[in-house]
Structures are given as structure tokens and as C-alpha cells.
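Participant: Now for the letters of each chain:
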Amino acid sequence: MSTFPIAIPRPVHPTGLWNWITTIDHKKIGILYGVTAFIMFISGGIEATLMRVQLAQPELDIVSAAVYNQLFTMHGTTMIFLAIMPLGAAFFNFVIPLQIGARDVAFPRLNAFSYWTFLAGAVMLKLSWIGGATDAGWFGYAPLTSIDQNPGKGIDFWIISLQVLGVASLAASFNFIVTIINMRAPGMTMMRLPLFTWMSFITAILLILAFPVITVALIELTFDRYFDFNFFNVARGGSVVLWQHLFWVFGHPEVYILILPAMGIVSEVLPVFSKKPLFGYTTVVLAGAIIAVMGWMVWSHHMFTVGLGPVANAVFTITTMLIAVPTGIKVFNWIGTIWGGSIKINTPMAFALGFIAMFLIGGISGVMHAVSASDAQQQDTYFIPAHIHYVLFGGAIMALTSGIYYWFPKFSGRMYDEKMGMAHFWLMMIGQNVTFFPMHFVGLDGMPRRIYTYAEGMGWDLWNLVATLGVFILIAGFAIFILNMVKSWKSGPEAPGDPWDGRTLEWSIPSPPPEYNFKEIPVVRSLDDWWNTKQGGNVKEVPVAGGSGDEGHNIHLPQPSYWPLVTALGLFIAAYGVVFNQLFIPWAISIIGTFIGFVGVYAWSLEPVNDPDEDSAH
Amino acid sequence: MVTMKNRGVFGSVFINSSRTQKIILLLMSLAVAVLATGCFIIDPNANQSTFEPLGPVADRQLTIFWWILIGGAVVFVLVEAALIYALVKFRRRSEEYVPKQVHGNTRLELLWTIIPAIVVIGFSVASIDALFYSADVPKDEPSITLEAIGHQWWFEFRYPSPDDPESEVVTANEVYIPVGIPVRINLESVDVIHSFWVPKLAGKVDMVPSEGNHMWFQADEAGEFFGQCAEYCGTSHASMKFKVVAVSPTEFDKWLSDQSAPAVESGDPLALEGAEVFKSTGCSGCHSLKTIARSGSKGRVGPNLAHVASRRHLAAGMMDSSDGAGNVNDAYLQENLRKWLENPSEIKPGNIMSSQAAVYTDPDKSLTERQISALVAYLTSLK
Amino acid sequence: MAQEHIATADHGEHEATTTGLNHRKMLMWAFLGSDCMFFGSLIATYLVYQGKSLSGPLPIDVFDIPVTSVSTFVLLMSSMSMVLAYSALNRGNMKAFRIWMVSTAIMGSTFIGFQIYEFSSFSTHHIHFECSEVAEKIEHGEYVKAGHNHFYQKECLDQNGILKADHHVDEEYGLKPQTNLFGTTFFTLTGFHGAHVTLGVVWLLSIFFLSFKKGVITREKNLDVDLAALYWHFVDVVWIVIFTVVYLFGVFEGF
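The listed protein sequences derive, respectively, from chains P, V and S. Going by the numbering used here, the first residue of the first sequence is number 19, and it counts up by one from there. Going by the numbering used here, the first residue of the second sequence is number 4, and it counts up by one from there. Going by the numbering used here, the first residue of the third sequence is number 373, and it counts up by one from there.
To be clear, the hints were calculated from the coordinates, so they are not data collected in a lab. Ideal Cβ positions, reconstructed from N, Cα and C, are used throughout, including at glycine. Some hints could be false.
Said to hold, decoys possible - To give a feel for the contact side, a few chain P residues facing chain S, derived at Cβ under 8 angstroms:
id : residue
1  : F192
2  : I195
3  : I226
4  : P230
5  : V231
6  : F241
7  : R243
8  : Y244
9  : N248
10 : G255
11 : G256
12 : L260
13 : L264
What the hints assert, rightly or not - To give a feel for the contact side, a few chain V residues facing chain P, derived at Cβ under 7 angstroms:
id : residue
14 : A120
15 : S130
16 : V195
Work out the full structure, taking the sequences as your base and the hints as a guide.
Facilitator: And the structure:
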């Protein structure tokens, strides 16, 4: 029975492909995010490999200047928005409800919508290679992105797909904020939250505040390009520096959005494999929050050479140097965690430790460009990509990889191959350093960034060649990783619920978890409640039923839905309609897409209620 | 339990580890050694190295770098050592053993908050002096000023005319400065954001349209310094370079006077033919041969060619016409001019000449072999 | 099988939450926080470019504060009718609820109507004055409108700076987004606000029409109205900021 005039019933226990298309289960959505993000990561890696091959020797002609400029733009945009952020989202989705003792997120359909919208944005961006991708750098400085300078559609695809991706990220962040605040198991106070959930919470707050700024910047750019507005029009008094301010007010919190979840993962893995709690839990949480707040005060360190003047540069030097303090605190606390512990170095632990080692290097080079005086010689040279890749590759990617191995048993129900895992680790460690450390050298030796080739005799030949060779070591590592994942997921040995003697709630349920996650919603008595339960420190109580039911019957679970996908599809079509706004009838495609989106939204809000008999867990 | 004899930390770490861990430690030490050697392989003589500061601004900036590097290296060694030490000393020896569940140590955490805070504030405050120093020419010394205007993908340079304060001498891609005298450079751009960077003399400042940026540097010794655009500015960003030539003040005055003199009129018949071709095929539409322009006037699309044959490099630092001693070698110059005229896109992909000049866009109007030779002769005569 | 006809989300409005606050209410607050940053960036852009237009028309040339004050008042009153609608619903008075909902939507639409009128009058703004009368005004120390000043210089003074007393100026002097920085930033900022209001009106009318279906909106099932009210008040507060910063500050000297 429904109140919607046309009764469109919800899908009932769909199977196969339809199951995945209409799913609203956070665990499946997490896997969708993870697999998609990994494919995008590979595409970004191919872009990087082509770049490095082109730069292996001076004056090579493997790719043209025009293609190279598209490569570095797409590589940066892909890695940040299509790889690292969604990999983080994969973990938010899969892990957070399990860690807080919930059955799903606050808004399961919104969750699905976030994934499909992300996929839409990703597809749109990657397809833009056809016909010429954007080539103005991932940061798209005005006026290089103006319609005069860049009349092609590449920039438009970049702008609009970023807007679509923004919608996805915002929707997901709203969902996780409400979930973490409002769906915690009884007794799970904020200061008993696992660190990964805490960092993800802070990340989500950062995201909902930072993304609107780039949304506005992109809107302003779009209006300039399409309708001849004057936001970045120097001839009418506009300032191109405004773009940079808006972009970096978003851009700097964005890098903390990239790294905080990774730090959260490390803060989970280290305690488990040292058999010790995180050293200074409160301090680490506070440090994360302080980083998030201070992250708003440093953006102009990306603009030290733009000519803001010595006073502004001095202020931002000081604020940027100060943000090194909470970051350092975390590193020291991590060492404090393993100190005096019983350390087992398996694959997830190795990657987590590798993160600390590599992130430290990236942090130190970061301190070097924090000081405006020395940054004048480093900005826009290879010294900066060196820093970037130490914090994002040796940092974020290593931590995310640690998370993949750590939670692999939980999401797949199987154990991965440990030997292959360690081989992957060593290849990644060595490859990362061989590829990116030499960039410090050539950068300080005067090699600018974003150049498709360089002359002989500049002294840069050797280290560029070394860096390129390092890429192949990394590729070997990824090949082993993919093999391990596929092989283990298909036929690895079955994993118990708690293979690692873990500390947090996700290890108290079977691997993989049943659809309803917890048979009984746990009552939490302390931080690391599961660990304490095992050590005998807690008395486990049967919870009072709050509609959560028992023995898996009468557990009220949300049912799958078509409408998130339909809404995302509408957005996708509308987005293409903006880029191709003169095709057929002007703006027709956008109008159709918007209409479909509205149908999706209305149907979604008026969707028939679940039949209680239908949705009991099976 | 094996008792540890007093072999010192590293000795005990090395000998008591299992074989695998020994190998791992060795490998890591090797890696660190190799990487560290790299630090010594950086060639300060490399053309754009920041490690050979030849002027006070670059020098101050490098000093700041060294201080932070030392600080960073100390932190790196201490933290990595603590990490590796912990990994070895506290490695798991038995699955049953549960270590003491320490939750933190407030005093320690406060300590490692306050000390780093003091250190970073110290470093940043100490660096502010260098920041203000590099912002503008020292007030108490005489200096010269010149304009650097960024174009896609070449540098226009203008000097105040020695004869007329309302005029400027216009040149391109090669900028001469007098040794030992502070030089203020006003930075502008006619299209997108570029950046003016001569690593051996100073860190970069961007050339932003309508922002009125400026920077300064000073060369402490005579020589040729490599510069390169350091802000991504489109297709041929990689091909936008320039040279700074520092000469004695007397030589500088002479150079400026030569540059402000009208273009040489050669008597050579082929060169005269070339002058005709220059006009008839439209080169003069984009390339001015007038050396003097009104102050603040808008430049042309292409570099001023009045004295192109006096420049050691062509196409914004892309082709070298100099002999070993820094003089222009006519044979090289002619070869380079010919290469450029035959196919500019090969030297500078996406360049505006190839995309806008009729001789490149219209197959019927392409330059003949004869026309190219004439142009080469003409341009070579423009000393 | 007796089921509650809950036409909206799966979990009713009464599931247990950690804070006791409804999920969707929290979502709306989070969304509004984010929307603050959105409008904040647009307002920041406006402020950065204030006074930097290279040519007119400028705010003082086109703004009609009395008219805009009326539309502002209408929008403010619509917030009041929204409160009355929610209050009526809470008392179970469906008729009053519907009347106040429609009133809110009508007032919101009126505001949009004013905006449209304003936008089109700005873009077709005409300037006409006699050079003589302007000269008098300047002599008597009266404020000469900033954009008009440019015309005065250009049209009324000959090359020796002498007034052309019989000359009168009659020109199109429209403000479009493409005209100058003021046009660009003004239309973008107020345009997006207007879009938010429009979406709000659509939402309010949807609730209004849905309320005719039995059991969809009731005294107990009032969350949707609560959420719409929150959104509506937010849009109103943003307008107060815009009216102050853009209109009032733009017209009165000293800002």
C-alpha cells in the first residue's frame, strides 16, 4: 500500500546485478566505492606512467606538449577526487557503522545516491579524454581557464564533473555526520569512538564547509566562460588572484580531508598489532580537531609567490609552521603507542609503519615550503611534487592500503596472502622512494613543474631517469596486490570474525558481517570495548530492545530503492547538458536531466514504506 | 632469553635480530645511504641550481633553507631512529604476552607539544627578516628598475630610456644588468600568469596580469644566468626561458645605448630582400623593429627584433647561438633562425606565430626557401 | 495487516537516536551550515569587488531602496506566516495550516516577482538629465550620483571644462552581469538567493498539495513542515545579510 499515486513498489530481495544497482546497504556501497576508486587509481597511475616515461630523458617525444599538459592535469584531478577521496569513502561506508554499533547509516538511500553520483562524476571526467581533456592544471588558475585562452570543452568537463563530484561528497558527508552523532550504540560516547570514526567525523565537517567554496569558484568560472561575466576578467577590473584565494580556501582543508582518514586508519592498526591502546587518545583526537581548525588559516601558503606582499606572507608562514605542531603530536603519539608493546609486523602493520616513515619526510619538506623566504626557490619546482607524493602516496595511499589489508578479512570473509602482501609492501616502499626522493634533488636544482620536457645539460637527466625506473617498481607492487586481492577474495582461506585480536566493535561480529551487522546492538562500557570484553574487564549485558530485536528476526532494515540511482542519472544527464548546452535545442539536455532528477527526488521522498514482513533479515 | 652483552644500541640491535630483520635493516641503511649520497650528487653548477647563489637575495633564501634542512634532518634521524628501535626492541616474542595497557602520559605529551611549538615559531620568526629583505630593493642604495612583461611564451623587457624619461627601450628574452647594483623588476603579464625566476639570483615572483608585482635581485659577479618561467602558462610553458647577463656598469650602459639605437640597416642585397619579405609577409604586424616605445605602452604580440642578432639565444632561451665565450656565433644564429622559420612548432608547440601568421596557417602563403634565406640574412644583420 | 501509511522515509519520525534529535532535522542543520559557506563565498566575492568597478552603473545609480524595502518586508512576513503555519499544524488545525502555507508561498513568490522586476529594471536602466540641472546640484553641494558623474564629465563639459548648458543626456545605461564587476557579483549573489527562494516555494507548495492526502501531514507527522520552515527561515536570514551589505551599505555614504 502506498500513498504515491502510482504505486512503484520497492525492489524486494533483488539478486545479482539488480542487487548491486538498488542496494542501500552500507557494506555493499563501501565495496562499490572501493573497487571504483581503485580502478580510477589505476587510470591515474597510467597517466603518471606516461608522464614519467616522457621525462625519463631530455627532449623525448613520447607524448606531445599538448597531451602532456592534459596528462598532468588529469592525473592530479583523478588521484585527488577519484582515487583518494573515494577510497576514504569506501572505508567510511564499510567501517563506521560497524565501529559505532549501528545497523546502517542514517540515510541509506542518500548513501547510495552519493556513490552513483560519484560514479557519474568520475565517468564524466575520464570520458573527457575524448576530444581533449582539460589541460590547465588540477588547480585551474585563471585566466588560463578563460574562454579566450581555453575555448575547448575540456575545461567545461573538468568544471562540471567537479561540481557533480562535489554533490556526491557533500551528500556523503552529511550522512556520516548525522550517523556518527546520532546512531551510536548505547554507551558509545564521543570519547569512546574509535579513532578512525573520529577522524572521519572531523573530515566530514571539514568537507561540508570547504566544498561550497570551490563550488562558488567553479560557478564563477562557468559564468565567466559561458556568459561573459567579469569575475576573473582583468579588463573590467577583475582579479585573477581571486580564483586562487577561493580555490585554496577550499584546497587547503581539502588536503586535510585527504590525510585525516588515513591518519585514522593508522591510529587503528598500530594499537591492534602492538597489543596496546593508542597512546594519548584524547590528545590525538584533539590534534585532529586542531589541524582541521587551523587548516582554514593557512591557505595562502600556496600563493607565496603571487605577490601578496611580505606582511601577508609572514602571517601565513607563521600559521603554516604552527600547523606542524599537532601533526607532530600525532607522530609522537604513534611511536608512544608501539613503544613497550608486542609488535607484530604483518602487512597492515608494515604499511602503517611505512606511513609514519614516509609522512615524516613529506612533513619535513612541507615545513621547508612553509617558510615563505625559502619557498620562493621551491614553489613551482619539482620540490613540491616531491612533498606532495610523500604525504599523499607514501602517506595517504600507504595508510589506505594498510586499511585494505586490515579490513580485508572483515569485508571479504577471507584472509589475503601474507607473503604477497609483504612483497607488495617492500616494492611500494622501495618504489616510492626511488620515484619521489630524486624529485627533491631536481627541484632544488632548478627544474620547474608541469614541463613536458627539459633541455640537455641542465643536470636533471640522471635523477629523472631514476624516478622513472621507480615507477616500474611501483607497478610491480600493484600487480602483486591485484593478484593477491583477486585470488584471496575468490578462494582465500576463510577468515574468523576476529583474526587480529582486535580492539573495536567491528571485530565482534562475523566476517563478512550479516546484512544486519549486529544480532544485538552492543552496550558499550569503555574505549576499546571489544578488547576489554575479551580481557574480561566488562560484563556484557543483553541490551534492552529498542526496536533492534533479537536473533535476527524482526530486525527493521531499510529496503533497496531505485530512486537514488535515478536521481543520480538525472544529475548526470543534466551535467552533460550544461557542457553541451547548444546541442539540439539550447539547454534541452539539461532540462531533461533536471526533470529526471526531480522525478527521482519526488519518488524518493514519497516512496512506499517497507512491508515489515518483507524485510526481516534472511 | 638471550642476555645482551654491552654492544651498544646498534650492536645489540644488529646482533640479536633474526636474520630477516638483519637483512631488512641492512637494506634500509643502504637505501638511506644511497639517498643521502644523492644530496651530494646535486650539482650546484647546474645551470638553474638554487645551491649556487650568486646574489644576495638567493643567498639569504638559501641560508634559510639550510637552517630548516638541518632542523629537519635532526628530527628525521631522531624520529626514524625511535621508530626502528621500537620495532626491534618491542617486536612480538610470544602470542600470549599482553603488554601493559598504557593510555598516555600527559607530561610527555605536553612536552612534545610545547617544544615543537617553540621551535617552529622560532624558525618562522627568524625567517621573516629574509622575507622582508627579498621584497624590495634596499632603500639606502642606488638601484635601477626595469619592466618584465610575460607573454605566451616569451619575455618582454623594457628599460627606462637613457635619453628620454617618458620612453622605454624595448627588448626581449635577454636582460642585461650591471654587476653589484640592485635591480628592481616590475612584473606584468599581457595574458596569463607567468613567473620570473632566475634561481641563482633570487626566488621567483609571479607575473600576474594587472597586479603590479615586483621583485629585486643583484648579481655579485659578471656572468650569464639561466631563467625560466615558473608558473604553468599553457602549451609551451616548458619552452619559455630567458637569460640574465650581468656585466660591468660601463658595459651595461653601452649595451643599453646599443639596444636603444635604431635597427641596423644592412647593405647586403639578400638582407635587403629579407627586409622586404619581413614587411610583405606580415612579420612586422607582430614584431616591432622600433627600439623605443612610450612608457607604459602596450607591447606587440611577438618579441621586438630590432637587435635580435645580438642575443645569444633565440625563441626565449630555446636555441643557443653562442660560442663558448658567450658571444653570438653567426653561423649558429643562422642555423637557429632557419630552424625556427621552417617549423616554429617544433621548437615551441602551440606558439602564436604558427597559429596566427598567414605564412603558417595558409598553405598557399608558406614561405619559400628563398624567402627563408632572405629573412635569415636580414635578421642576422640586426645586430 | 495494519500498517502505518508513512509516505516518507522508512524509519518513522520516532526512532531512537543518540541525541534525541531526529536524523533529518540534524541533516537540515548540517546542510544549512554548509549553505552558509556557499553564500559566504558569494558575499565575500561581492565585498572584494565592491568599489572596484571600472565603469558604472554603480549601486547608487540603480538601487531603489524604498522598493527593495517593501520586498524585504514581504519576505520577512513570509517567515512569520511560516511560523504560524507550523504552529497551526501543531494544534491540529489543518485548515489554518494550509492557509498559512499558501500565504508563505505567495509571499515568497511575491518576493521573486519583485526580484524579477528589479533585475529587468536594472538592465534597462536609462539615464537622462539636463546638464544645467546637474551643474546646479553640484554647485549647491548635492550628491551627484556616481555613475552619472561619468556622464556629466563626458557629455556636459567641453574640452575646456566649460559646461554645455543646453545639453541633455538621454542614454541607455543598463546594468547587466556583463557590464562591470558590480553587475557580475550582484546578479550572481542575488540570483542564487532567488533560486533558493524559488526552490523553497516549490517545496512549500508540494507540502501544501500533499497535505490534502489523508494522513500524510498531521499533528504528529510534522517533521517535513519543520524542515521546510528551517530552510525558509535560513533563506530569509541570508536575505537580511544581503539587503544590509549590498543594498544599504551600497547606497549610504561612509561604507
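Participant: Quick check on G255/P please, does its C-beta sit within 8 angstroms of some C-beta on chain S?
Facilitator: This hint holds: G255/P lies near chain S, its Cβ roughly 4 angstroms from the closest one there, short of 8 angstroms.
Participant: Take the shortest C-beta to C-beta distance between A120/V and chain P; is it under 7 angstroms?
Facilitator: 5 angstroms, holds
Participant: Using Cβ atoms only, decide whether S130/V comes closer than 7 angstroms to chain P, and label the hint accordingly.
Facilitator: Holds. Min distance 5 angstroms.
Participant: Is the hint on N248/P kept, meaning its closest Cβ partner in chain S is under 8 angstroms away?
Facilitator: 4 angstroms, holds
Participant: Have a go at the I195/P hint: is there a Cβ in chain S nearer than 8 angstroms to its own Cβ?
Facilitator: 5 angstroms, holds
Participant: Quick check on the hint: G256/P CB to chain S CB, less than 8 angstroms?
Facilitator: 6 angstroms, holds
Participant: Given F192/P as an interface hint, is its Cβ closer than 8 angstroms to any Cβ of chain S?
Facilitator: 5 angstroms, holds
Participant: With a cut-off of 8 angstroms, does the beta carbon of P230/P approach a beta carbon of chain S closely enough for the hint to hold?
Facilitator: 4 angstroms, holds
Participant: Should the hint that I226/P touches chain S count as held when the rule is a Cβ pair under 8 angstroms?
Facilitator: Constraint on I226/P satisfied, holds at 4 angstroms.
Participant: Holds or violated: the hint that L264/P contacts chain S, with Cβ atoms closer than 8 angstroms.
Facilitator: 6 angstroms, holds
Participant: So, as I understand it, the hint says Y244/P touches chain S; can you test that by seeing if any CB pair is closer than 8 angstroms?
Facilitator: 11 angstroms, violated
Participant: Take the shortest C-beta to C-beta distance between R243/P and chain S; is it under 8 angstroms?
Facilitator: 13 angstroms, violated
In summary, the structure is inconsistent with hints 7, 8 from the numbered list given earlier, while agreeing with the others.
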